[in-house]
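**Student:** Here are the chains, one letter per residue:
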Amino acid sequence: MTETSPIDLSTLVRLLRLQVRSGADRLDRPVRGGYVGDLLSDVMGNSREGDLWITRQVHPNIVAVASLKDLAAIVLVNGSEPAPETLTKAAAEGIPVLLAEESAFAVAGKVYALIAGAVPTAI
Amino acid sequence: MADEPLIYENQFNVQGGNFNDAGKVASHIKAILKGFGIPSEAVRKTALVAYESEINIVSYARKGVIHLRLAPDQIVIETIDEGSGIADIELAMQEGYSTATDKIREMGFGAGMGLANIRNFSDIFQISSEPGKGTSLKMIIKWQP
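These protein sequence lines are chains A and B, in that order. Using our numbering, the first residue of the first sequence is number 1, and each one after it goes up by one. Using our numbering, the first residue of the second sequence is number 1, and each one after it goes up by one.
Simulated from the structure, these hints should not be mistaken for laboratory data. Hints are supplied without guarantee of correctness; some may be wrong.
As the list claims (entries may be wrong) - Chain A is nowhere near these chain B residues, computed Cβ spacing over 12 angstroms in every case:
#1 Phe12
#2 Ala22
#3 Gly37
#4 Asp73
#5 Ser84
#6 Ile89
#7 Glu90
#8 Thr99
#9 Asp102
#10 Gly110
#11 Gly112
#12 Asn117
#13 Asn120
#14 Phe121
#15 Ile124
What the hints assert, rightly or not - In silico contact screen, one side only, chain A against chain B (beta carbon under 7 angstroms); selected entries:
#16 Val20
#17 Ala24
#18 Asp38
#19 Asn46
#20 Ala64
Given the structure is predicted, the values throughout are model-derived calculations rather than measurements. All residues carry an ideal CB built from backbone N, CA and C; glycine is no exception.
Here chain A stands alone, though its shape is the one from the complex:
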């Protein structure tokens, strides 16, 4: 992964037209990279601090993973609404939960272009 200057969550929310379901007061967080995955141990093992986590899992356990790994935010894809307990936990842990109408592929592509694509030698 190329070293890049981070973009903050509020910029991603605006450019990707994401809906904010939790953590509206924490959108100043920098996003350093991203990880796409629905297997929690995969995300635990391979995501990095400050990553945007793109997933289709909506149950409360995703909040623990994001919190333990110091991820920047969770983006739920395909318009999947989080379970109510997920939002309760996210509010308690201060984890932003964002919602995208688009697929994981589209979201990841756009986020990658915004973060890494800003550097000409990234690809």
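Starting from the structure of chain A, add chain B where the hints point.
**Tutor:** Chain B only, in chain A's frame:
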């Protein structure tokens, strides 16, 4: 290790089958270590091994205990559970191998990566198990002030 002075120790109970609270103990341990000013890399490694151990107890045991011991140069996480145990530890350590039920997999658990993650993020890792009785894990994470 037995004669090493401890800065702190505590233990936490984990209830098998309770996926709603899964990760709670790991979050608690992380908060404690942050409170002691442990460097964030060691905190994250410990949080990960504690989390995977906790998920294993929730998924495969009736109940279990997670011990935390903080020494001046290392963090020790030890778990003891009463549950199904592991018949073939070598097989269970292989990435992708899992005996998880469909219900567990639907939640994104049971990817067969938990024990591999624990091994990869621990400086020292020990596992012992008795099928039908339970599993014990010991993980050591080194840290420097």
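**Student:** With 12 angstroms as the threshold, tell me whether B:Thr99 passes as away from chain A on beta-carbon distances.
**Tutor:** It holds; B:Thr99 is separated from chain A by about 14 angstroms at its closest Cβ, greater than 12 angstroms.
**Student:** Using Cβ atoms and 12 angstroms as the threshold, tell me whether B:Asn120 really stays out of contact range of chain A.
**Tutor:** violated, 7 angstroms
**Student:** In terms of Cβ atoms, is chain A entirely out of 12 angstroms range of B:Phe12?
**Tutor:** At roughly 14 angstroms from the nearest Cβ of chain A, B:Phe12 sits farther out than 12 angstroms, so the non-interface label holds.
**Student:** Just to be careful: measuring from the Cβ of A:Asp38 to every Cβ in chain B, is the smallest value less than 7 angstroms?
**Tutor:** At 5 angstroms from the nearest chain B Cβ, A:Asp38 passes the 7 angstroms test, so the hint holds.
**Student:** Report holds if the minimum CB distance from B:Ile124 to chain A is greater than 12 angstroms, and violated otherwise.
**Tutor:** Since the minimum Cβ distance to chain A is about 18 angstroms, B:Ile124 lies beyond 12 angstroms and the statement holds.
**Student:** Does the nearest C-beta of chain B fall within a distance shorter than 7 angstroms of the C-beta of A:Asn46?
**Tutor:** violated, 9 angstroms
**Student:** Using 7 angstroms as the Cβ threshold, decide whether A:Ala64 counts as touching chain B.
**Tutor:** Status holds, d = 3 angstroms.
**Student:** Beyond 12 angstroms from every Cβ of chain A: is that where the Cβ of B:Asn117 lies?
**Tutor:** The assertion about B:Asn117 is violated, with a minimum of 4 angstroms to chain A.
**Student:** Verify that the Cβ of B:Glu90 lies farther than 12 angstroms from every Cβ atom of chain A, and report whether the claim holds or is violated.
**Tutor:** holds, 19 angstroms
**Student:** Quick check on the hint: A:Ala24 CB to chain B CB, less than 7 angstroms?
**Tutor:** violated, 22 angstroms
**Student:** Please confirm whether B:Gly37 is truly not at the interface, meaning its C-beta sits more than 12 angstroms away from all C-beta atoms of chain A.
**Tutor:** holds, 16 angstroms
**Student:** Beyond 12 angstroms from every chain A Cβ: check whether that's true for B:Gly110.
**Tutor:** violated, 8 angstroms
Of the numbered hints listed earlier, those contradicted by the structure are 2, 10, 11, 12, 13, 14, 16, 17, 19.
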